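Taken in order, these protein sequences are the chains called R and P. Quick note: the working numbering has the first sequence finishing at residue 310, numbered continuously throughout. Quick note: the working numbering has the second sequence finishing at residue 621, numbered continuously throughout.
To be clear, the hints were calculated from the coordinates, so they are not data collected in a lab. Note that the structure is a prediction, hence the values are computed from the model and not measured. Do not take every clue at face value.
Claimed, not checked - Think about it this way: if two alpha-carbon atoms lie no more than 27 angstroms apart in a straight line, the pair counts; the simulated DSSO-like pairs of lysine-lysine are:
no., chain 1, residue 1, chain 2, residue 2
1, R, Lys199, P, Lys539
2, R, Lys92, R, Lys285
3, R, Lys199, R, Lys92
4, P, Lys249, R, Lys168
5, R, Lys285, R, Lys142
6, R, Lys142, R, Lys126
Said to hold, decoys possible - Here are the computed distance ranges between Cβ atoms for each label pair:
no., chain 1, residue 1, chain 2, residue 2, range
7, R, Glu185, P, Leu386, 50 to 60 angstroms
8, P, Asn250, R, His89, 44 to 54 angstroms
9, P, Gln252, R, Glu137, 46 to 56 angstroms
10, P, Val128, R, Asn110, 28 to 38 angstroms
11, P, Ile374, R, Asn82, 48 to 58 angstroms
12, P, Ile257, R, Gly183, 52 to 62 angstroms
13, P, Ile374, R, Asp300, 20 to 30 angstroms
14, R, His89, P, Leu386, 39 to 49 angstroms
15, P, Tyr436, R, Ala87, 35 to 45 angstroms
16, P, Phe355, R, Ala87, 37 to 47 angstroms
17, P, Ala91, R, Gln253, 56 to 66 angstroms
18, R, Gly183, P, Tyr436, 27 to 37 angstroms
Stated by the list, open to error - Derived list of chain R stretches under chain P, where covered just means 3 residues or more per stretch with a C-beta under 8 angstroms from a C-beta of chain P:
no., stretch
19, 135-145
20, 169-177
For glycine and all other residues, C-beta sits at the position ideal for the given N, C-alpha and C.
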Amino acid sequence: MTRQEGSTPLLEFRDINTHYGAVHILKDVNLAIYPGELVCLLGGNASGKSTTLKTLLGMVKPTSGEVVLDGEVVNDKPTSYRVERGVTMVPENRRLFKRLSVKENLELGAYLRDDKEGIEADLERIFSMFPRVKERLTQKAGTLSGGEQQMVAMGRALMARPRVLLMDEPSMGLAPALVQTNFELIEQIHQEGIAIFMVEQNANMALSIADRGWVLQTGKVVLDNTAEALLADPDLRRSYLGQAD
Amino acid sequence: MSAVTASTGMPTAVSKGAFDVDWRQIARTGGLLALGLVFIALTGMPVGLDERTVIEPWLSLGLLSLTFLPFVLGYTVGHEKVLEGVAAKAKGARDVVAGAAVGALGGLGLSVLVVLVDNFDLRDPLVNWSPQLVEMLSFDQSVGFGFVAWIAISGALGAAGGALHVLPHQVRRAVVAAILAVLLTAIFESFLTDVIDQLEFLYASRGGLTNVWAVVVFVVAMAVSLSGGGEKLGERRAAYQAASGPAKNRQTALFIAAFSLAMIIIPLVTGKITQELMANVGIFMLLALGLNIVVGLAGILDLGYVAFFAVGGYTTAVLTSPNRGPDWPSWVPTLDGPGGWLIALAVTIVMAIFAGLVIGAPVIRMRGDYLAIVTLGFGEIIRLLFLSDWLGGYFNGAQGITNIPSADFGIFEVKGTDPRSVFYLVMVLAAISIYISWRLEHSRLGRAWMAVREDESVAEAMGINTVNVKLMAFVVGAALASFAGAVFSAKVGSIFPTSFLILVSIVILVIVIVGGMGNIVGVMVGALGLVGVLGGPKQPGLLQEFSEYKLLIYGALLIWMMLNRPEGLVPNVRRSRELHQDEFLQDAWLRGEVDRDESTTEAEASANLADGLGTNGGAS
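Looking at chain P on its own, in the form it has when it is part of the complex:
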């Protein structure tokens, strides 16, 4: 409906100046905004998160979940690709107008929703089609007020977004940084106060930044950005990437040392919540590092990766817990006491390798989609085996294995009630995993993996035993996953088949994809960003408020990444070049790297076309 009103205005738009805008584009973006706002409203996010204050008293997280969108789309509608040789249209009032129009259109969509929700009852299919939604969207006033208010608010925010284009580059960056700083300070309230108690003064007693401090944070962030804080970081990064040889190695070593030191110190100063969070991030980082070898390097889409996590968890549990199933023969020891966990870990790794071989051998002969589907099946089969009555005497079925003791190293004990110790253990294992991954990636086997990933048939023709090589990837991935399983069971103290749902596989895969396939740093960033901020399948993240909408956000993020940044957050140079080859080639051409005489060859080629056809004889 909203799209129709806009497109009728389209042909008359021959005017100049502020109204010289692309109405078709506005209609499209506005319609998208309307759909987006209605969708978000019906997910229940605005009402559900209305209690959580961001800036006391006027901005709640619920309100923010709606209002960020007009601002963002108001900006993007004015975003134009600058084409070489085509004069870019000057930025000005027209961008503000476009943003406002988009915002108003989107707002209209939401306004219409308010009226509809008020007059019709569709609660049956749509649970969030509720009076509370109307109440919230009309700001406890009349429906008419809400109707007008949303067009106005959304229009204003769209205009503000469009206005960003008018600002000079420096200022625009500063404003965006300041807005983000305010929002992040507010949203990460519980985290920040957990790390530094003294920060309490920023926030109102019922939560949320106070108005005064919001302004202060805004101004400070803007000042920092304007003084060039962000740019220096960018320069450092560029300098690092440009460096090579010993200089680069030294920088890398320095970075690793600083990072390790930070990983040792941070848990010492933070509270329990943060430590717990970091321990969870670490476990998922371990899992993702393993899957990264399977998916990122060898190109095997394994959707049942959780199976190895489960094997690792259950093996450690069986070997350490007094509450394991009754049917175990007496020669299977219960390893508690100092050092017992290490022996259990060793056995766990062996079992995981065995499981990798058993599951891998039949699966690995398949290719592509078929392989993905079969791994999906095996992932479930393993979980169902642990759940089954058949093996109930060993694994207790749905009751799971409880009373798993903590990992005792004699001088140092890792137990779930002390998340800091778990974190340290995970970091040690992660360091080992990272080292293994890094060495393998640059080995002969690593190169064979990449060859198989790129083109399996040709890899075979090169003499690579593709079945063995793929099986190796599967086995290494399984061993790394078992690390995580062993730590997990010691941390949680009890494991159940429901700890190893298919969702875990998917979350790990999303971490690898979002972080950047085949990139170790990317995987670490992905684990931190997804599990740390949003939370794992069952583990809460920093944004506990969003836990109900976690999977929605995961999905949205995945789609957005695939469309706009398929190489992941931390791109592997290799992948990003492949995925943005057009741009890369264009850049190379501009730098004069691509041979100009290539074009003359093409010209000659077409001139010789007749000849070529002649020599082709009867071939065609």
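Here chain R stands alone, though its shape is the one from the complex:
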């Protein structure tokens, strides 16, 4: 499902600048994520990818510019406000609550929801998607294998009933054989109509499933195009590697 022309973006950055102390991280960044599309943000280390995610989610406040959710400026709204309205993150390295059971992890994903039946139904949906998760339900999340942890992390995010899923380096720390499966999972979630905003270092893999992409370099968006165009772009390799122009 790709973007319908003319629809309003689900989540948008308008000239966002962020600072950590005096250090300028994001510089006039503009992004737009439309309902149901799969987009990716590429960039090397310290290019500002994770800061972008944290700013989208409200864990970092921008110094200027606007974060727009459903046409509403949400700069001053807390993370919980955005999570309630369908913005959810799958953190880097999965970061499960290791000493809690798989079930508790999933329930924490639905922390802000109080529709009991809906939560039950979503649990069942996740079990049908990841049968392995159901087998491990009472086990502590820290004792799962890497692949299983990835499933639980995605399940936990889906429990929030997201409209857009922010994924921070989903293939990091996974065995190469699992990376492929993982991207298939992402596509499967995307099929259900959930927009995906993926931050990745694995450029080829990410662009092969994405609709559009941006390339971030030292806090600036240097490339913004469709996935096909980016894959073909000779500049991509150069800017992605972070070589000086």
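The hints should help you fit chain P onto chain R, whose structure is shown.
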């Protein structure tokens, strides 16, 4: 020095049989034993506790504080991890030899100390470097005699410890149980005779078990153990843990009922000393239950927890005592008479919640170590405020508030001179605290606390308002601490800023850690074991003799627990799995729970490594 003598013997140890032992291990353990014995000797424990007889006339508590160590280390040196697929070496004479060698090495350390103390004067830095130490360690004989005696005694005890390995499992357990039974019967003499006067006959007139009764207790304990008494208890426990659903609930209810009944009956049959002790244990149990929510559930390391205890104590004191500071306006009533204490308690809880918010709000935004340090500071600030001249008109500064009346409930009066009544009041409040803790732990808030404890950033990303949630933990902890403060002031009748030293915070924290963080039963056991047996910061415990060395033992216990049983005495299943994950996974693997095809996935993964790198493109 002792370590050197041993390691020179190491390369020649190719012999078989009894001497086929790990000399390096022996040297290490022996050196450790020597250091341990010298350390204990210089703490003054042996001399200080020499007057207290354990078994009349030959074993004093002082002597025991030294002699237990060679026995224990003599046993541990022969303790080997059984590895799968590796044949364990047969237990036999070699274990006895190893134990004896370790014991002798350690004894040598002590012997050398005797000679040194006799010939050099180091009393200035080391207060216990005294002639009395030499006298005691040489058994009132010559120094030469002491020198030889300690190598022999320690060696013999080490050998005895090592010999435990040779005994079959059943017998070994029985022997250990019997030794413990004798020692506990002797050490808890004052407690046992306080509970049951008729037990006096066991003991000699100057204290200590008589030889005859020591033997009787030993034999009886051994017989009980051999007949399988201990095993049945273990089986019951395992059965309880395996049970689930209504059966388990019924058992839990039964257990709670039995426990409550015991708590009602025990104070009726015991003497005042025991009642006083139980009241103190109860107060610290209340405090620890509150801190358990803050540290155990929400993972906030609060080192200034005593602040809320102080707020609770002072609020109740101000509201009930005629001797509060002169500057209080007349509209602040003095609530004595029936029911007054309950109203005071209600106000106290409100004040504690307020204090929790005021202290918590600035502190809670910090994380980890920083938060711990700042709470430490606030704990002291509160105490200094009560001590200050600035608020002297309200809290009387160092003079404190005296004449705090007892808690009068009309039909039932709780006063310090009647520790039994204090105990009952504390138990009622503890029951309330336990219920609150238990309900909260299984609530949405409880789950949010655990999420914050596990990973604060991710908890935030899940939409949990981490600041609010942490503040709630702080406030609930403060309210529970104020219970203890209110009871404390009514019990003691007067409170001073020195009642709320930082040591109280630390003792409560140690109770929570030793008992098992995040575990209600663990916290109760911790309070009983530490405050009940060793004593609180100022309260004597069962082992009053050790009061001078209480903090030393607290510290040693804490270190030992962190190294060997970090999950606490009563582990939370969750924590213990985390902390012993390797073993847990290994067990799971043996039971076939871990997926075998996980390994094939890994194999495929490495086979595909080249592919993976290829797709990675320019990413790396």
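Structure versus earlier hints, numbers of those that do not hold, lowest first: 1, 3, 8, 10, 11, 12, 13 and 15
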